[in-house]
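2 protein chains.
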Amino acid sequence: MVDARSGARTGVLHTAHGCVETPVFMPVGTQASVKAMSPADLEVLDVSILLGNTYHLNLRPGMEVIEACGGLHAFMGWSRPILTDSGGFQVFSLAGLRKILDDGVEFSSHIDGSRIFLGPVEAMRIQRILGSDIAMVFDECPPHGCTRDYACQSMEKSIAWAANCSEQLRAPGQLVFGIVQGGAFDDLRRHCARELVGIGFDGYAVGGVSVGEPEDVLLRGMEQGVAELPPDRPRYLMGVGRMSQILKAVALGVDMFDCVMPTRYARNGSAFTRRGVYPVKAGAYRLDTRPVEEGCGCYTCTHFSRAYVRHLLNVGEILGLQLLTQHNLFRYMAFMAEIRAAVRGGFFREYRREFGSLHAAGGGA
Amino acid sequence: MVDARSGARTGVLHTAHGCVETPVFMPVGTQASVKAMSPADLEVLDVSILLGNTYHLNLRPGMEVIEACGGLHAFMGWSRPILTDSGGFQVFSLAGLRKILDDGVEFSSHIDGSRIFLGPVEAMRIQRILGSDIAMVFDECPPHGCTRDYACQSMEKSIAWAANCSEQLRAPGQLVFGIVQGGAFDDLRRHCARELVGIGFDGYAVGGVSVGEPEDVLLRGMEQGVAELPPDRPRYLMGVGRMSQILKAVALGVDMFDCVMPTRYARNGSAFTRRGVYPVKAGAYRLDTRPVEEGCGCYTCTHFSRAYVRHLLNVGEILGLQLLTQHNLFRYMAFMAEIRAAVRGGFFREYRREFGSLHAAGGGA
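As you go down the protein sequences, you meet chains F and D in turn.
According to our numbering, the first sequence is numbered sequentially starting from 1.
According to our numbering, the second sequence is numbered sequentially starting from 1001.
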């Protein structure tokens, strides 16, 4: 269903492990675990799809282990869909000394410094063993602020690698998504999107965003990419998770999101609420018997006070991280459900306005 | 019910927050949380009573916070019974510079070094605010290896403090337990027990054990204490949690136990099984698709492999601690349920033999 007054749309993504209602937020399970959450916790939160990381899982525990355990779903006890990134982003952002070659990248493991080679062939082989429902193509992610020449050459390489990825063997039922690159250059973004559509993928992502650029550059890069994508395929904006940005992207027709924000902020002691973000650890909440977010229906808010969660965080109890992660993910899941309901109901514009005014009132607590 | 061929017995302890079947193991929730477990997790594990720590809770979050939140049960979202220790053990084992006076101990906080005074009056006041179902008297816990003179003077002081505690105001329905001291000296242990029984408490604990002494000294100290205690009152062996020691103590008529072992070992990567303890982190389990303990019915063992739990522990994922804590507590709860069933069924001796031979076969995994 498409909103009459914006590009916002709802849909259903069919995968080998079931259906996903979009727009959807994918919690990040980098190392085969969404930090501080069990699969049972995630099911209670109605999480419909997770993200796993090729780069990290390939280093630890390694493919031998995951293959012995019957793939990533069986390994981590998660029966719903999984999307795996290709490792491209991590190779370019985490790895130290690296050498970019025609058929991939040689780099040093961030664990033990050993030399590893990753290219389209390797990334697709790893994702085949992981058995993810959605595999991402292996791409080069140019840094923010790079020259047009660099962005152009990098994009050409990413397109060639994407074509190579599309020819690789897949796990049964595995979908493969292309990734639009092109840096901050509109024409490159559009060109890349058209080339990928020419190759033909099950879905398309906008990559190389949320790498330190200002928000207007991020949104413009996304808009250029999305404009060239076919309406009948899912669109995924990689790594973007600020709620205000999700709303803007949804308005432009984006269907899928992932971000470490809800889980990472929880571990830093910050809570997401309808009124923004606030630090539960702050001294102001020492005697506060209200829940982390008033009116919230999550396990944390229906059972515990801010004073308790603050205490747990301040004395370093693991339960504090669990409870706040649970709340933040609940908030994100509820946010996406509200977006879907608003688009279906034809009141997405009103929902955005309401969201904006609540956030502007701000303070979080 | 009392076993015909030993002192082992089953019973029901009635408290303001419900009944506890004994013999019982109390998981330790030092800072108002059993590490890595939510109250919901503990209820699933059938935990019937928790232990909280006066010393720690008084420092953080402090009584003002717990009082504002309506007591320890409401603060931590736990509706079943709670036993609180008096802080005596911590003052003597954790606190640095301290000065023992007639009416208590002055010591430095391990958090910020501030000077704090704790005696029978203060310890009972704190436990009254905490609202625990069972409060322990404030005692002096002499170090292992102390002289008879020291042990004797220390015991006299503990008896005087116990008498003082028994006269303090209590929370509604709060039970108070005396603590038998006396170091490694049989006659002192017996004398102390008789004096406490003379004062009259709702239950009796054997304290000053598991402080580094050899096991035979520990068991002998316990035996001497228990021998003088009335059969119609619960008996609690403080801080003892090795399964083989629990069996020996149950055989001598002890009803209650607490220990950090199952939770602390989990965080160190070790699993308790019917065959002993083993390090799940070990490389030997890298490709092991079996559960942490074969045949175990806990959430961890019914959903995940050793290979997965080992991976989580090795990459530092919080979920690894959660899953292994859950398993270890499940094992302890099952162990106590088996003991109760064996005593009731009249086959406690056979159960001990079976337990011993399985453990002797050993290895854990």
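There could be a bad hint or two in this list.
[Unchecked claim] Listed below are several chain D residues computed to face chain F (Cβ distance under 7 Å; list not exhaustive): (1) Arg1060; (2) Met1063; (3) His1311.
[As the list claims (entries may be wrong)] Each pair of labels, with its calculated beta carbon distance range: (4) Ala1334/D to Cys146/F: 35 to 43 Å; (5) Thr1289/D to Arg148/F: 37 to 45 Å; (6) Ala1334/D to Gly356/F: 49 to 57 Å; (7) Gly1200/D to Ala282/F: 43 to 51 Å; (8) Leu1097/D to Lys99/F: 39 to 47 Å; (9) Ile111/F to Thr1289/D: 17 to 25 Å; (10) Ala1282/D to Arg115/F: 50 to 58 Å; (11) Leu94/F to Arg1098/D: 47 to 55 Å; (12) Ser1108/D to Glu106/F: 52 to 60 Å; (13) Ala282/F to Arg1115/D: 21 to 29 Å; (14) Ala160/F to Thr1302/D: 41 to 49 Å.
To be clear, the hints were calculated from the coordinates, so they are not data collected in a lab.
Glycine included, every Cβ here is placed at the ideal spot set by N, Cα and C.
Structure-based check of each hint:
1. This hint holds: Arg1060/D has a C-beta 5 Å from the nearest C-beta of chain F, less than the 7 Å allowed.
2. Annotation: interface hint on Met1063/D violated; nearest CB of chain F at approximately 12 Å, more than 7 Å.
3. For His1311/D, the interface hint holds, the least distance from its beta-carbon to any beta-carbon of chain F being 4 Å, beneath 7 Å.
4. Judged by the Cβ atoms, the range 35 to 43 Å given for Ala1334/D and Cys146/F is violated: they are separated by roughly 59 Å.
5. For Thr1289/D paired with Arg148/F, a C-beta distance near 51 Å fails the hint of 37 to 45 Å.
6. Between Ala1334/D and Gly356/F the Cβ separation comes to about 53 Å, which falls inside the hinted range of 49 to 57 Å.
7. Restraint check, Gly1200/D to Ala282/F: a C-beta distance of roughly 47 Å satisfies the suggested window 43 to 51 Å.
8. For the hinted restraint 39 to 47 Å between Leu1097/D and Lys99/F, the CB-CB distance of approximately 59 Å leaves it violated.
9. Between Ile111/F and Thr1289/D the CB atoms are about 24 Å apart, so this pair conforms to the stated range of 17 to 25 Å.
10. A hinted range of 50 to 58 Å is violated for the C-beta pair Ala1282/D and Arg115/F, which are about 27 Å apart.
11. Checked against the given bound of 47 to 55 Å, the beta carbons of Leu94/F and Arg1098/D, roughly 49 Å apart, stay inside it.
12. For Ser1108/D and Glu106/F, the hinted distance range of 52 to 60 Å is satisfied, since their beta carbons lie about 56 Å from each other.
13. Checked against the hint of 21 to 29 Å, the C-beta distance between Ala282/F and Arg1115/D comes to roughly 27 Å, which is consistent with it.
14. About 47 Å separates the C-beta atoms of Ala160/F and Thr1302/D, a value consistent with the hinted range of 41 to 49 Å.
Going down the numbered hints, you'll see the structure goes against 2, 4, 5, 8 and 10, while the others check out.
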